[in-house]
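Visitor: Go ahead and model the full structure; you've got the sequences and the hints to work with.
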Amino acid sequence: MTKRTSAKHKLDRRMGENIWGRPNSPVNKRSYGPGQHGQRRKSKISDFGLQLRAKQKLKGYYGDVTEKQFRRTYKEAAAMKGDTGQNLIGLLERRLDMIVYRAKFAPTVFSARQIVSHGHIRVNGVKCNIASRRVDVGDVISLGDKAKEMALVIEAQSLPEREIPDYVVPDGTDKVTYNRVPTLDEVPYPVTMEPNLVVEFYSR
Numbered sequence: 015m016t017k018r019t020s021a022k023h024k025l026d027r028r029m030g031e032n033i034w035g036r037p038n039s040p041v042n043k044r045s046y047g048p049g050q051h052g053q054r055r056k057s058k059i060s061d062f063g064l065q066l067r068a069k070q071k072l073k074g075y076y077g078d079v080t081e082k083q084f085r086r087t088y089k090e091a092a093a094m095k096g097d098t099g100q101n102l103i104g105l106l107e108r109r110l111d112m113i114v115y116r117a118k119f120a121p122t123v124f125s126a127r128q129i130v131s132h133g134h135i136r137v138n139g140v141k142c143n144i145a146s147r148r149v150d151v152g153d154v155i156s157l158g159d160k161a162k163e164m165a166l167v168i169e170a171q172s173l174p175e176r177e178i179p180d181y182v183v184p185d186g187t188d189k190v191t192y193n194r195v196p197t198l199d200e201v202p203y204p205v206t207m208e209p210n211l212v213v214e215f216y217s218r
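Okay, so the sequence shown: first residue is 15 according to the working numbering, each after it adds one.
No incorrect hints appear here.
Derived EDC-like pairs: lysine to aspartate or glutamate, alpha-carbon spacing no greater than 20 Å straight-line:
# : residue 1 : residue 2
1 : K162      : D185
2 : K82       : E214
3 : K141      : D185
4 : K95       : E214
5 : K58       : E208
Rather than coming from a laboratory, the hints here were simulated on the basis of the structure.
Guide: So, in structure tokens, the structure goes:
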């Protein structure tokens, strides 16, 4: 399991955007970057800088997966038929921790990964603790009995700022079915993601 080693909100401030759309993001109060030089006038970003920024933002949004994992996912997307950027988003959205997050079983991507790794999630009725597992179309993801009573899960289900997307179909409050791989415009990102720039970054 990958683990984020720095404060989550530092990514928000470094990018100058509320990456996860959370109401307590410091970007909502301070739009400049962190550190003593955060308020300096920003110089023009190069093409490479824009590509790197797009990659860091997308990678960070998905729980800050490791560079090795992210690059491997990109290579898989590039080997598939069709648009590589769309394929990349499709593969990332098939991660089990992302389905748990989309289903509103967890308030954040990071807590979704934690719930999975602690064995609180079932895939087609079988316990799974691998957050990066790829979910297939038609798979049923459900909460374990203990998870249904967890304060974290109850909090997530009451969050007003997020809705369950169309490609995750709920069955009650503790079960969802993953019914199709989404396209970029269907994924409910709080900010603009640019997978085309990520493709350019890795294609250099």
